[in-house]
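Protein sequences, first through last, are from chains V and B.
Under my numbering, think of the first position of the first sequence as 362, with each following residue one higher.
Under my numbering, think of the first position of the second sequence as 3, with each following residue one higher.
These are calculated hints, taken from the structure and not from any lab test.
Hints may contain errors.
A few chain B residues that face chain V, going by a derived Cβ cut-off under 10 Å, partial list only [what the hints assert, rightly or not]:
id	residue
1	Val33
2	Leu36
3	Arg71
4	Phe100
5	Val106
6	Thr138
7	Val139
8	Met172
Everything numeric in this text was worked out from a predicted model, so none of it was measured.
Note that the Cβ used here is the ideal one computed from N, Cα and C, for glycine as well.
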Amino acid sequence: MTTAPLPLPDSARAASLPDAAFLARLKTLTQYYVVTAFLALLVGVLIGPLQALNYGGVNVYDTPILRALLKSYYQGLSLHGVLNALVFTQFFISGWLLYLPTRDLKVTINLRFAWLSYLMMTAGLLIAAVPLLLNQATLLYTFYPPMQGSPVFYIGAAIMVAASLLVAGQVIAAWVGWKRAHPGRVTPLVAFMSVATWMMWTVASLGLVGEVVFVLIPWSLGWVGGVDPLLSKTLFWWTGHAIVYFWVLPAYISWYAFLPHHAGGRIVSEPLVRLTFVLFLLNSTPVGLHHQYADPNISTTWKFIHMFLTFLIAVPSLLTAFSVAASLEDAARARGGRGLVGWIGHLPWGQPVFSASVLAMVSFIVGGAGGIVNASAAFAPVVHNTAWIPGHFHITVGTATTLTFMGTAFWLIPHLTGKRLPSVRLASASVWTWFIGMMVFALGMHWQGLLGVPRRALVSATTQDVYREMPIRVPALLTAISGMILLVSALLFFYVLFRMLLSRRVDDSEATTPIPYSEAISSAGETLAGASALVRLTEPLLALWGVALLLVLLMYGPVVARLLAEAQLVPGWRLY
Amino acid sequence: MRAGRPALARLDHHTLERYETIWLGLSVIMVVLLFVAVLASFVSGTYPSLTGESGHHVAGVRNGRVDPRLLGATPFATPGTRQNADGTYEAFVVARAFQFEPAVLKVPAGQPVTIHVTSADVMHGLMIVGTNINTTVIPGQVSSFTTTFRREGTLDVICNEYCGSGHHGMISRLTVEVGPP
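Based on the provided sequences and hints, a complete structural model is requested.
Written out as structure tokens, the structure reads:
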């Protein structure tokens, strides 16, 4: 992937080659993004065990210590969801997918603008944090109107999302600049994946931007008297489902581009990886209605079309399962592995950088299978809004994404800072306990959900008999135990992380911890002229971006137009 | 590549391409099967069809929409089950923080009943435990669906959409009875 560049005009090369001073400054910026992300995760995951205990039948929210910190279970859950799912992911991905394409393309970017994006994102976070901590935005992660929060929360969230679009714009612009300077060249793989991910996010975020800017902010400020909750919910899920791919695709980048290297193997096929990302760019957004099977007054036909499109996203995920498994097999056989399954034992399971990503993938296989159940309109009513759903996304986002990012930090932070991972053993323990904890949690929650326990409810404080009559003792116990395992895991991880961050710089990070690019068995080639049909088909990302936008407008236009035409405005409430 | 290991031990481009194609084929077949399975459930009527359409005749309901401030002028003013002149059954349920009205909904056994449910304040959820009845209850919208409860007995009705500080206590019952309610 990183071979010598073709001859270029001197002017183009001089303008685009980064020097050591630039790289040092870029690394500092990336480090700020990543550390901010993990600080948010620290607060978010420490609230997690409290929710797990609730689903284990123990209400800790009434204890005096917690009473002083959090007004209610619902406030704790709002913080847990927003910090882990929105803030952690947004900051980590913005740093990760700004750094990687810049390095892969070997270009310089305007660092002043990049810092402005970071500061804006942080300002948005701090603004949104105030009402969250004051119990003035206890709206849970979905913030469905007409439950009303402080306008400060919506404004802060809007600034955060807008900042991520600035990062997207800068990366896409850098890539367009590179394309102009290098006509006829194939975009390097990591840059290709990053640009496709950012393009997907710009299309996907339109729904949320529309909801927050045009509906929620004017309404919460009192400029308009009412809100149509169904319209808002539809706009929310326009972004709300695609956002999970925005969380998972950066993990995919790690699995494709770096995991083979960690294992000692090679990427199987670069053209296939490109196809996978193009399929995600086109297909991850026009599927959000599958979150609304239980909503009235949305045409069944449209729900049905979105259901089919949702099933189609299984294809790039299945391609990934094949590709990454094959690259691991390649690695294991190179390490002396033999037999149909015997090679699995030859992988470096004790290396946390490796095991984090592979365990995250194992978790994602189970999560993906559950996702097909959720996406099916016939099954959805059985699991809709039950404990099954948080069980599902803790092994998708909570493990596939979070665990991959945790493992990535074990090489990325040494790479950025020149500091060393203090203990492979403790890092490895945190990875394995996270995986086990999440698996136990998922088992407990899926099981409870199938029996009818709803999600996002303080079930441990319910005075009625309904949960005592359900046979949920075993799954409830599993959920409670998983919370304790995950607490131990989080403490281990953050101990390792902060010991590393607070230690002394020991070496030149660029030389000792280079970016672990993997080589490919079938590479995409250097020039478009000599490339395969698949590479030539996937290279024009700008045109494919346009197709993605068109597809979303086709799949959402009629639905949103009808909701707008028949809008029923209702007043806001604050019941928390 | 490790020294001493023959090159043939590792995967090569051509072998992979063959497996890749097989795998892609299998995943496409799987998606087609999923699609056909759900299409079958859709056609056979086990697809839970939630609309506002069957509420068109209800006073105050237009396009499946109703003003939650004016529920008094609609049948939602007196929640519960009633028998229409043509012998069909209709039930009206209002969700409001933090209870369902009526507190106990009585429905006839073995008879199709059309349930209309709406919210007077924020978003709620109506899940009847042990069935696949599971609806978002949205202020300004009416969810209508027709179903038949075959067995006598009592079922739990749980609000499964966050609706505020008392959300977890928003639980009521549905009794299926033989004979007119």
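Hint check results:
no. : hint   : verdict
1   : Val33  : 5 Å, holds
2   : Leu36  : 5 Å, holds
3   : Arg71  : 7 Å, holds
4   : Phe100 : 8 Å, holds
5   : Val106 : 13 Å, violated
6   : Thr138 : 5 Å, holds
7   : Val139 : 9 Å, holds
8   : Met172 : 9 Å, holds
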